[in-house]
Amino acid sequence: SVEIGESVRGEDVYIIQSGCGEINDNLMELLIMINACKIASSSRVTAVIPCFPYARQDKKDKVGKNRSRAPISAKLVANMLSVAGADHIITMDLHASQIQGFFDIPVDNLYAEPAVLQWIKENIMEWRNCIIVSPDAGGAKRVTSIADRLNVEFALIHKERKKANEVDRMVLVGDVKDRVAILVDDMADTCGTICHAAEK
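Per the numbering used here, the sequence shown starts with residue 577, numbered consecutively.
No wet-lab data here; the hints were simulated from the structure.
Because the structure is a prediction, the values reported are computed rather than measured.
Take these hints with a grain of salt, some might be off.
Unchecked claim - Simulated crosslink set (DSS-like; lysine-lysine; CA at most 30 Å straight-line): (1) Lys753 <-> Lys717; (2) Lys753 <-> Lys651; (3) Lys735 <-> Lys651; (4) Lys697 <-> Lys717; (5) Lys697 <-> Lys651; (6) Lys697 <-> Lys614; (7) Lys753 <-> Lys735; (8) Lys735 <-> Lys717.
Using the sequences provided together with the hints, build the complete structure.
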């Protein structure tokens, strides 16, 4: 049972809810909280969702026999948040930027890069001799941005897949020998890709 503990009438409300862990329970709880605040006459509700639920389902799969019947669940989540009464969404490092276009309300997609840069400088003693590595081609833009800001080189791993979440072959593009390799990815699902990349 979700209950708002004090009056929110006329207030600008921020609700922070993770989109990971028990994803469906957390999402449903968020929707109920948004709706409860709206019917309690809050002036505006902003949902802060650091890890956007179902972000990987932003398009139909290119492989698989049932691809024409695959859901675009990220769009459904966007619709549900709007219908529940959210006026604004704040999220971080969306898996695909097109998710912002699924909404008819403002969406701020914040980036963790400044915090990542600070963490690298404070925690990796030999960071000036590091190389930033993307475990897939899709992360090349993210990795080159971090490498440029640190003034270091970057590498990437090209992977070939026959099925989603199953990597057939990985090829390292770049020289990582005798360097601290920092693998950067936007999300960890099964962690298979990043574990295989670390072995390369």
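The hints, checked one at a time:
A threshold of 30 Å between alpha carbons decides the hint, and for Lys753 with Lys717 the separation of about 22 Å falls inside it, so the pair holds. Pair hint Lys753 plus Lys651 does not hold up; C-alpha atoms about 42 Å apart against a cutoff of 30 Å. Straight-line distance between C-alpha atoms of Lys735 and Lys651 comes to about 27 Å, which keeps the hinted pair within the 30 Å bound. At most 30 Å may separate the alpha-carbon atoms for a hinted pair to count; Lys697 and Lys717 meet this at roughly 20 Å.
A hinted pair counts as satisfied when its Cα atoms are at most 30 Å apart, and Lys697 with Lys651 does not qualify at roughly 37 Å. About 43 Å separates the Cα atoms of Lys697 and Lys614, which puts this hinted pair outside 30 Å; it is violated. For the suggested pair Lys753 and Lys735, the alpha carbons sit about 20 Å apart, so the restraint of at most 30 Å is met. A C-alpha spacing of about 16 Å is found between Lys735 and Lys717, which places the hinted pair at or below 30 Å, so the restraint holds.
Comparing the model with each numbered hint stated earlier shows that hints 2, 5, 6 do not hold.
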